[in-house]
Amino acid sequence: MLISSCPLIWRNWDEDEHVLYHCGTGDTHVLNDLAAELLALLETESLTARELADQSAAMFCIEPDEIFHQNVAAALAEFDELGLIEPQP
Amino acid sequence: MIISELENEDLIRRFRGEGLYYRVGPFLIRGRSQLDNASRGLASLYADFPVAGPDEITDVDYVLDKCTFEFNRFNLILDGRLQYPRIFRRLAVPFVEWALNLSVILGLHRFFVLHAGVVERGGHAAIFPGNAGRGKSTLTAALVSRGWRLLSDEAALIDPVDGLLHPAPRPISLKNESVELIRSFAPNARMGPSWPGTMKGIVSHMIPTPESVARALERAEPAWMIFPMYTPGARPEMRPLSKARALVTAGQQAFNYNLFGRRGFEILGNLIDACDCYEFVYSDLDGAVAAMNSLTLTTSAAREVSPVNAIEPEHFR
Amino acid sequence: MPSSLSTSAESLLKAYQSPEAALAFDASRWNDVLRLAWRWRLLGRLGLRLEDSGEIDRVPFKAKARLESGIAQAKVNERGIRWEANRVARALRGSDVPVILLKGGAYVMAGLPAGRGRLMSDLDIMVPRDRLPEVEKALLAHGWTMLEPDAYDDYYYRNWTHELPPMRHQDRQSELDVHHTILPPLGKLKPDASLLFKAARPLEGTRFLVLAPEDMVLHSAAHLFQDGEMHAGVRDLTDLDLLFRHFGTTEPGFWDRLIPRAKETHLTRPLYYAIRYTSKILETPIPESLRTAIEAFGPNPLIRGLMDQITDRALFPPAVDTHRWDIELANLMLLVRGHWLKMPLPILVQHLSYKSVRPILRWWKGEKDAD
Numbered sequence: 000m001l002i003s004s005c006p007l008i009w010r011n012w013d014e015d016e017h018v019l020y021h022c023g024t025g026d027t028h029v030l031n032d033l034a035a036e037l038l039a040l041l042e043t044e045s046l047t048a049r050e051l052a053d054q055s056a057a058m059f060c061i062e063p064d065e066i067f068h069q070n071v072a073a074a075l076a077e078f079d080e081l082g083l084i085e086p087q088p
Numbered sequence: 000m001i002i003s004e005l006e007n008e009d010l011i012r013r014f015r016g017e018g019l020y021y022r023v024g025p026f027l028i029r030g031r032s033q034l035d036n037a038s039r040g041l042a043s044l045y046a047d048f049p050v051a052g053p054d055e056i057t058d059v060d061y062v063l064d065k066c067t068f069e070f071n072r073f074n075l076i077l078d079g080r081l082q083y084p085r086i087f088r089r090l091a092v093p094f095v096e097w098a099l100n101l102s103v104i105l106g107l108h109r110f111f112v113l114h115a116g117v118v119e120r121g122g123h124a125a126i127f128p129g130n131a132g133r134g135k136s137t138l139t140a141a142l143v144s145r146g147w148r149l150l151s152d153e154a155a156l157i158d159p160v161d162g163l164l165h166p167a168p169r170p171i172s173l174k175n176e177s178v179e180l181i182r183s184f185a186p187n188a189r190m191g192p193s194w195p196g197t198m199k200g201i202v203s204h205m206i207p208t209p210e211s212v213a214r215a216l217e218r219a220e221p222a223w224m225i226f227p228m229y230t231p232g233a234r235p236e237m238r239p240l241s242k243a244r245a246l247v248t249a250g251q252q253a254f255n256y257n258l259f260g261r262r263g264f265e266i267l268g269n270l271i272d273a274c275d276c277y278e279f280v281y282s283d284l285d286g287a288v289a290a291m292n293s294l295t296l297t298t299s300a301a302r303e304v305s306p307v308n309a310i311e312p313e314h315f316r
Numbered sequence: 000m001p002s003s004l005s006t007s008a009e010s011l012l013k014a015y016q017s018p019e020a021a022l023a024f025d026a027s028r029w030n031d032v033l034r035l036a037w038r039w040r041l042l043g044r045l046g047l048r049l050e051d052s053g054e055i056d057r058v059p060f061k062a063k064a065r066l067e068s069g070i071a072q073a074k075v076n077e078r079g080i081r082w083e084a085n086r087v088a089r090a091l092r093g094s095d096v097p098v099i100l101l102k103g104g105a106y107v108m109a110g111l112p113a114g115r116g117r118l119m120s121d122l123d124i125m126v127p128r129d130r131l132p133e134v135e136k137a138l139l140a141h142g143w144t145m146l147e148p149d150a151y152d153d154y155y156y157r158n159w160t161h162e163l164p165p166m167r168h169q170d171r172q173s174e175l176d177v178h179h180t181i182l183p184p185l186g187k188l189k190p191d192a193s194l195l196f197k198a199a200r201p202l203e204g205t206r207f208l209v210l211a212p213e214d215m216v217l218h219s220a221a222h223l224f225q226d227g228e229m230h231a232g233v234r235d236l237t238d239l240d241l242l243f244r245h246f247g248t249t250e251p252g253f254w255d256r257l258i259p260r261a262k263e264t265h266l267t268r269p270l271y272y273a274i275r276y277t278s279k280i281l282e283t284p285i286p287e288s289l290r291t292a293i294e295a296f297g298p299n300p301l302i303r304g305l306m307d308q309i310t311d312r313a314l315f316p317p318a319v320d321t322h323r324w325d326i327e328l329a330n331l332m333l334l335v336r337g338h339w340l341k342m343p344l345p346i347l348v349q350h351l352s353y354k355s356v357r358p359i360l361r362w363w364k365g366e367k368d369a370d
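Chains as they are written, first to last, in numbering that gives the first Met the number 0: chain A, 0 to 88; chain P, 0 to 316; chain Z, 0 to 370.
Next up, chain A with everything else stripped away, as it sits in the complex (with noise of 0.2 Å):
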């Protein structure tokens, strides 16, 4: 249910960190693989916080476990209140 709000620029130099430019604030964040992949899907389309954490989790290869979901929820959160995605009815 949620969907990134402006125009994400991204940058990346074959690191695990990943820099991000939000047009809509113009705040620049780091971002590790994960957080990347996330927000990178949500960009495409609306996801639920469940739909989102099954798909990255096969993108990784890992199981999709308890700690994992809310791990995804935390950075949901975080997106969030950064103004980077917002929820759509």
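Heads up, a few of these hints could be off.
Said to hold, decoys possible - Some, not all, of what chain P presents toward chain A, calculated at C-beta under 7 Å:
| id | residue |
| --- | --- |
| 1 | 241 |
| 2 | 242 |
| 3 | 243 |
| 4 | 246 |
| 5 | 247 |
| 6 | 257 |
| 7 | 261 |
| 8 | 264 |
| 9 | 268 |
Unchecked claim - Now the in silico label distances, taken between C-beta atoms and shown as ranges:
| id | chain 1 | residue 1 | chain 2 | residue 2 | range |
| --- | --- | --- | --- | --- | --- |
| 10 | A | 64 | Z | 133 | 40 to 46 Å |
| 11 | Z | 169 | P | 241 | 51 to 57 Å |
| 12 | Z | 88 | A | 6 | 17 to 23 Å |
| 13 | P | 198 | A | 6 | 42 to 48 Å |
Treat the hints as calculated values from the structure; they're not laboratory data. Where is the CB? At the ideal position from N, CA and C, for every residue including glycine.
Got chain A; can you put chains P and Z on it based on the hints?
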């Protein structure tokens, strides 16, 4: 013609009248002053700098204006604003230098600006972004006294179009212990007087080498982005820094980042692309200079060094 | 008043009205005009006038750079205002309270010419009085705090003025002013807010409304000519000029609705001044019939003469600023500090998630610490 070639009377007449116009890198400065001692002090710090005229738009305009009622104080008016009121006259020179810093940082939108020292050798430039207390001015001064060319001790001026660095060499301001440190490290370096009793303690200036000033229109390729970390007792060490980290850390010193919006992100990203990025731990200047001199290029090794990038001062149409 | 300053003020206004006049400026004139434009917060607007007319590439390179920086500053501001509006909408999600955007926020979000090239620091909104508690609660829950925690000041704001105490967002440090009407209830002039809401127009694609065109103009005039004084400067006059020009050409019946609406909302005197000074100083093309009709609502000649003088003084600032430098610096900070133009680099790295750190630009307090 450079400032030291002006007759003393001519110098004072200009300061007291229409202004002394001089160039610092790409900038045209206009200085007016009713304080002759301060005028002479400034002229000696800027002895090698080219004299100019009012035929071009001025970038920085300062006036040292005597206070009406307080004999030992003056007002510093910067670009028409009363910037520093009621300053002790004996502190005029350091205050003019601070005013210039302010103007460069705030007023100059032709460039993407990082609060950083910049030096160059062999066609490649090293950028030292940093807050106060990290030692970038001291490091910059030390390197300049050992053959590196000074572009700036304060502001890396990045051309938004091609990413090259514009020089704006000026007297390097040093504080407190750094003053003595540099005096003993570089006994042959030309230093201005020391000014005790400023709010930052003792302030003095290292005069840029004539070569640095003479090549003030020659731009440089960025090659190294180095975050200095003065650490007493530590052995000099260049620790490679991830580019993502370098971007955000340098970005914290990017004063007009916001002004460029999304383009600012590109410009900063391109700059990081072009540079080898390090954290530089050092404790003594000899070790630091040696470590800098043995720097090699990895990122830009494949690139050729561009020919000298001279720029023409703007001629008014 | 130094003659060079008055001639540069004339030059600036001339260039604003007819951009090609700027091509005749020499270096000295440019120095004065650019500096004045900066003081009057008109750099962006002047820059856009030259850009729109195609002249900007023909001015000297340094002048162009300065003008473009003015334009860039305004764009950053605009981004900030849009984001604030976005965040207000986020905070009020799920509520049906009507929210009218006012002033700069409205100009920007509605895509009006008056929103271009403009520097603004706060977002102003208006909500119905009986919905204030609900709005306040929602905003407080989303990171805004009141700026006047003192009980008396709080009481004062709520009961004697037309707004909640100013609110500031704790992360973004941006200011939000929540009004329920547009003039203080204690003043002589008491426009009925429900009239404004009835005529307000929805802003497509958002949950916001904007004032009807004539109300927007009257509000701007009321703000500028409050209490018989010209509160702000030429920049606000150019707002009015741009609003008049835009609505005059795009809004059928606009000119005819102004006086009746001004009468309804008790804003005839501000309208009088707005028409008088925009046509006098900026040559705003206001129809002759309106200029004649509004005369009936002007002050007596003595007051009018006084007002002319006050306005003149407001337009010709002293050669040297006599404000304390830290107040002046506060104005500079409009351009630099972490309000709209914040340092945009939080660092977020963690194990499986991330947390953010927002450094706020606070290096500048006069002189920064040189090494």
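To see whether the hints hold, each was checked on the structure:
For the restraint placing residue 241(P) at the interface with chain A, the shortest Cβ-Cβ distance is roughly 5 Å, inside the 7 Å limit, so the hint holds. Here the hint on residue 242(P) is kept, as its CB sits about 4 Å from the closest CB of chain A, short of 7 Å. Annotation: interface hint on residue 243(P) holds; nearest CB of chain A at approximately 4 Å, less than 7 Å. The closest approach between the C-beta of residue 246(P) and any C-beta of chain A is roughly 5 Å, which is under the 7 Å cut-off, so the hint is satisfied.
Restraint check, residue 247(P) versus chain A: the minimum CB separation of about 5 Å is within 7 Å; hint holds. A cut of 7 Å between beta carbons decides the hint on residue 257(P): the least distance to chain A is about 6 Å, and the hint holds. Against a cut-off of 7 Å between C-beta atoms, the interface hint on residue 261(P) holds, since the closest Cβ of chain A lies about 6 Å away. Checking residue 264(P) against chain A by beta carbon gives a least distance of about 4 Å; that is within 7 Å, so the hint holds.
For residue 268(P), the interface hint holds, since its Cβ comes within 7 Å of a Cβ in chain A; the closest pair sits about 5 Å apart. Range check, residue 64(A) to residue 133(Z): Cβ separation about 41 Å, and the 40 to 46 Å hint holds. For residue 169(Z) paired with residue 241(P), a C-beta distance near 31 Å fails the hint of 51 to 57 Å. Here the CB-CB span from residue 88(Z) to residue 6(A) is close to 18 Å, well matched to the stated 17 to 23 Å.
Between residue 198(P) and residue 6(A), the C-beta spacing of about 44 Å keeps the proposed range 42 to 48 Å intact.
Going through the hint list in order, the structure does not satisfy hint 11, though it satisfies all others.
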